[in-house]
Each structure stands twice: as C-alpha cells, then as structure tokens.
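Let the sequences and hints guide you as you build the complete structure.
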Amino acid sequence: MGFERGALRSMKIEWLNARQAQQEPYQVRRDGSPGWEFILPSLLLIGLIGLPVIALVWKSINVNFINFALSKSAVEALRLSLVTSVISVAIAIVTGAPLAYLQVHWKFRGKAILDLLVDLPVVLPPAVAGIALLLAFGRQGLFGSWLNKAGISLPFTTTAVIMAQLFVSAPYLVRSARVGFAAVDPQLEEAAKVEGASNWHVFRHVGLPMAGRALLTGIILTWTRALGEFGATLLFAGNFQGVTQTMPLAIYMGFEQNLGIALVLSIVLLVASVILLTLLRRLEQQSRH
Amino acid sequence: MIHKTFRLIAILMMLWSAGCAFQEAPTASAADPSLNQTLTVFAAASLTGAFQEIGQAYENANPGITVRFNFAGSQILRTQIEQGALADVFASADHKNMDPLVSEKLVDDKTCQDFATNRLVIILPANNPALVESLEDLDRPGLKLILADASVPAGNYARQALKKMDLVPAFGADFSSRVLANVVSNETDVKQVVAKVELGEADAGIVYISDAVAAPELGTISIPDDLNVIATYPIAVTKDATKPAQAQAFIQFILSPQGQEILMKWGLSEVR
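Quick note, the sequences are listed as chains A and B, same order. Take the first sequence: its position 1, counting from 1, is numbered 1 in this note's numbering, and each next residue is one higher. Take the second sequence: its position 196, counting from 1, is numbered 196 in this note's numbering, and each next residue is one higher.
If you're looking for bench data, these hints aren't it; they were derived computationally from the structure. Don't be surprised by glycine CBs; every beta carbon is placed ideally from N, CA and C. Hints may be right or wrong, so weigh each one.
To be verified - Not everything, but these chain B residues come out facing chain A in the computed CB check (under 10 Å):
hint, residue
1, 183
2, 187
3, 192
4, 202
And the structure:
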C-alpha cells in the first residue's frame with residue numbers, strides 16, 4: 001500500500017515534470033534523462049524504418065527521374081490515383097460525417113454492432129476486403145447479380161477502384177468525425193434547438209464548425225489510406241492501365257518489369273505521404289493549444 | 001525505485017535475448033543430420049499440383065528423404081536464387097528465367113535439361129455466361145477477357161498465340177487486336193486469372209492446360225497446336241546445392257516413366 005502511494009506520488013511528479021518540459025520544450029533535464037537502455041532498442045526500430053526510406057531515395061536519385069515520371073503508365077497511374085482518391089474522400093465526407101453524427105447522437109439497440117461494423121475495415125486485411133467486395137458486388141455476387149441483370153457490371157471498372165478505396169479508408173473519417181462531434185458541448189446544441197433551429201441547422205452551424213478540426217484530421221487519414229490502397233483494388237478492380245491501375249498497382253507491376261517506374265511512383269507516394277503527415281501534425285499541435 | 005526496477009528488467013531482457021541468440025547455434029547443428037536428408041526444390045507456380053505429388057512419390061521410394069518445395073512465379077524464384085536463397089533444384093516455367101542463372105553460374109549447366117512442356121487453353125466459367133463456343137468468339141465486342149500481364153510468362157505466351165491467330169484467314173488479320181480490346185484486366189499471375197474466371201467475373205481467360213486441370217469445374221476450349229505456344233520447362237541442380245547427388249537423383253525421378261506419368265496427369269506433356 002505504502003509502495004503504491006509512493007509510486008503514485010512519483011508518477012504525479014513525473015507528470016508535472018513532463019508538463020513543465022512541454023511548456024518549455026528547449027529545457028534540457030540532466031537528471032533522469034533516458035539512458036542507453038532506451039536508446040538501443042529505439043535505434044533498432046528507427047533503423048528498420050529509416051534505412052529502407054533512405055535506400056529508396058538513394059536509388060531513385062540514380063534513375064532518370066523525369067523520363068520515367070513522364071512515361072505513359074506513370075502518368076496514367078498518377079492521374080487515376082489522384083482522381084479516384086479525391087472522389088473517395090468526397091464521398092467519405094458526404095456519407096461519413098452524417099453517419100458519425102448519428103452514432104454520437106442516437107442511442108438505439110444494436111448500436112454497438114453498427115460501431116463495430118464501421119470500424120471493421122480498419123483492422124481487416126485489404127485482401128479480405130477485396131474478396132468480400134467481389135462476393136457481394138461481383139457479376140455473380142450476392143447483390144452484384146441483381147445489378148448485372150440491370151446491365152451494371154462493377155468489377156474491372158474505375159467505380160470498383162473507388163468502392164475499394166472507400167471500403168478501406170472511409171472508416172478513418174467516421175472515427176475522427178465521431179471524436180469531433182462527441183466533443184461538442186450538448187448544452188450548446190440544446191440552446192440552439194431552444195432558439196428554434198432545425199436538426200440540420202444545428203448540425204450545419206454548431207456541430208460541423210466545432211468538429212471541423214477533427215474532420216480535417218479524418219480527411220487527411222482517409223486520403224492517405226485511399227492513395228495507398230492496393231490489395232482490395234487488385235482483387236476487386238483488377239489491373240488495367242488507365243482504368244484500374246492506380247499508383248500502388250503500377251509500382252507492383254513495375255517491380256517486375258520496370259524498376260524505374262516503380263521507384264519514381266514510390267517517391268511520389270512517399271512525398272505525398274510526408275506532406276499529408278506534416279499537415280496532420282500541425283493540426284494536432286493547433287488543437288492542443 | 002520504479003526507474004531502477006525498469007532498468008533491471010531491461011537488462012535482464014537483453015541478457016535473455018542474447019542467451020537465446022547463443023543458444024541457437026548448437027540447436028541448428030544438432031538438427032543438421034536431419035537437415036541433410038531434406039531436399040529443397042524451387043518450382044514454378046504452375047507445377048504446384050504435379051510436383052507435390054511427385055515429391056510424395058519420391059519420398060515413398062526413398063525413405064528418410066524429405067522434399068521441401070518453394071512454389072512461386074519463375075521470375076521471383078530466379079531473383080531469390082540470385083539473392084542467395086539456398087535451393088538444391090530449380091524448375092522454371094521458361095528458359096527466360098533459367099538461362100541467366102546458367103550464364104551467372106548459379107546453376108550447374110551440365111545438369112540443366114527440359115523435363116516437360118505446357119500448352120495454353122481458353123477457360124470459361126462453369127455457366128459460360130457469354131456463350132463462348134470457339135476461339136472465334138473471343139473477339140466478340142463486349143466480351144470480358146482476362147489475361148496474365150505481359151510480364152508474366154503465361155501472359156506473354158497468350159499474346160504470342162493471339163498473334164499466330166492473325167495469320168488464319170478465317171479469323172481476320174487484326175484478330176489479336178480485336179481480342180486484346182476485350183481484355184478487362186492484366187492479372188499479376190496466372191492463378192489470379194483462374195480465380196476470377198472461376199468466380200464468373202470474366203467471360204473467358206487464357207491459362208496453361210495444367211491450371212485448367214487443377215480447376216476441373218471450369219469449361220475449356222482447346223487451342224490447336226499450330227496456334228498454340230508450347231512452354232518448355234527446364235530443370236537444373238543449383239551450384240550451391242548441399243546435396244548435389246540427391247538433387248540429380250530427384251531430377252532423374254522426374255524424367256523417369258513414373259515421374260512423367262504424374263506430370264501428364266496434371267496436364268503437362270513430355271518433351272519431344
């Protein structure tokens with residue numbers, strides 16, 4: 001018991017110290033700074049992540065960057081990735097934000113199941129997503145066969161690419177938006193309703209602006225995930241230049257026949273990821289102040 | 001107090017993991033005698049069914065020997081051997097991925113020989129939704145055709161076969177370009193083509209006969225020999241083989257009547 005209380009006290013002191021360190025980021029604490037038993041294991045992990053990134057950049061410096069970047073398959077993959085990921089993010093916002101709002105404001109039976117379902121793609125391997133999409137919306141799929149009778153065939157189309165991206169990436173937006181909406185003070189919304197605002201007005205003028213930063217975080221996460229989507233796209237949409245061959249697919253095919261294109265597209269994706277991640281960091285820092 | 005405890009745990013964990021690393025060396029050498037009895041065979045993905053059965057037959061005929069397989073695209077296996085993967089035998093789906101290893105002296109050129117051939121075939125979903133009856137139907141507008149990508153041996157062969165069909169007057173001179181216009185996806189390997197046709201997502205695909213044999217529920221349309229492309233499979237003992245004599249014996253078994261019979265059962269043909 002005595003030990004526990006002592007431990008609690010020292011934790012509290014540590015927490016206070018950490019707070020102080022945060023407020024004065026440039027203060028160096030000589031006492032209690034992490035030693036080699038922290039540095040050594042950290043270096044292993046840093047090396048594992050850092051060295052491949054260095055190798056990728058180093059290798060790509062030696063290739064004829066412009067030539068490969070302007071090749072037809074690279075340009076088409078870039079264009080397709082950009083178009084499909086932007087559309088995916090737009091659809092994710094329009095459908096995901098209302099869903100998150102519902103999840104925060106409604107209490108109903110089976111809500112836990114709905115929450116689970118929406119979060120599922122975050123942990124589901126993309127290959128499973130691809131097979132599931134095929135079995136549902138394929139030509140002879142559970143629901144795809146009806147669409148097929150109506151003359152609509154989804155696999156191997158750009159629509160299928162967008163569906164695969166939405167499946168794996170939209171849950172990130174819903175999760176972020178949910179956190180944002182949950183943080184809005186319910187009294188504020190009550191007050192607006194008392195003033196005679198409709199549900200839509202409360203959502204539009206109170207919920208959305210106050211959850212804006214969380215939504216933006218969700219948009220960035222969704223976009224990076226959509227840009228990187230590979231497994232589900234390959235299985236559900238196939239691989240056809242200009243129609244379904246997005247950047248990650250072109251990288252995979254290029255790895256076997258034309259390493260130059262694979263390298264250039266990898267660098268493009270790397271740079272895009274770094275930019276989006278930096279934006280994300282800035283957002284997080286802003287929301288802390 | 002907590003800090004000290006943590007430091008102690010960290011040190012203990014490091015010592016423990018170091019101990020494990022040291023321990024591994026004697027364990028590996030203890031396992032060595034049994035390792036000697038294991039033959040490692042790198043084989044093209046299209047050989048999967050046939051080689052598994054051959055391996056079983058070989059183990060039955062040679063008690064104490066275990067045959068271990070690594071099945072993948074020939075291109076991938078070749079890269080693995082070039083990067084130093086330990087194999088005793090390499091069986092490739094084409095010479096394109098064997099000959100460089102011969103000139104790089106990574107396989108023993110004296111042991112390198114052709115052991116089987118494979119041909120292409122048209123596969124259709126069981127219910128044949130587009131009612132494909134013959135080769136000529138492949139250029140029908142709106143038909144959904146899947147091929148392996150041109151970088152994959154099977155995809156390359158399929159395009160060669162289509163080119164040959166251009167020379168048949170009844171098919172028309174630009175037959176291959178009309179057929180290629182129907183391609184909806186260039187899959188990353190031949191097994192993906194089979195899977196998507198099996199699911200009925202495409203109306204037809206072009207794969208090896210051995211792939212069609214392995215998926216009996218598919219419908220097939222054969223391609224005549226003069227329009228077909230015959231894939232020749234070479235096999236060789238690697239330069240770094242731990243058991244070159246056993247590796248050579250395994251190759252002899254594949255060339256024996258019993259081995260050839262199993263290959264034929266899986267849709268492959270003998271070398272003429």
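Evaluated hints:
Interface hint status for residue 183 of chain B: upheld, as the beta-carbon distance to the closest one in chain A is roughly 7 Å, under 10 Å. Because the beta carbon of residue 187 of chain B sits about 6 Å from the nearest beta carbon in chain A, less than 10 Å, this interface hint is met. With 10 Å as the threshold, the beta carbon of residue 192 of chain B comes within range of chain A, its nearest partner Cβ sitting at about 8 Å, so the hint holds. A cut of 10 Å between beta carbons decides the hint on residue 202 of chain B: the least distance to chain A is about 8 Å, and the hint holds.
Hint violations for this structure: none, all hints satisfied.
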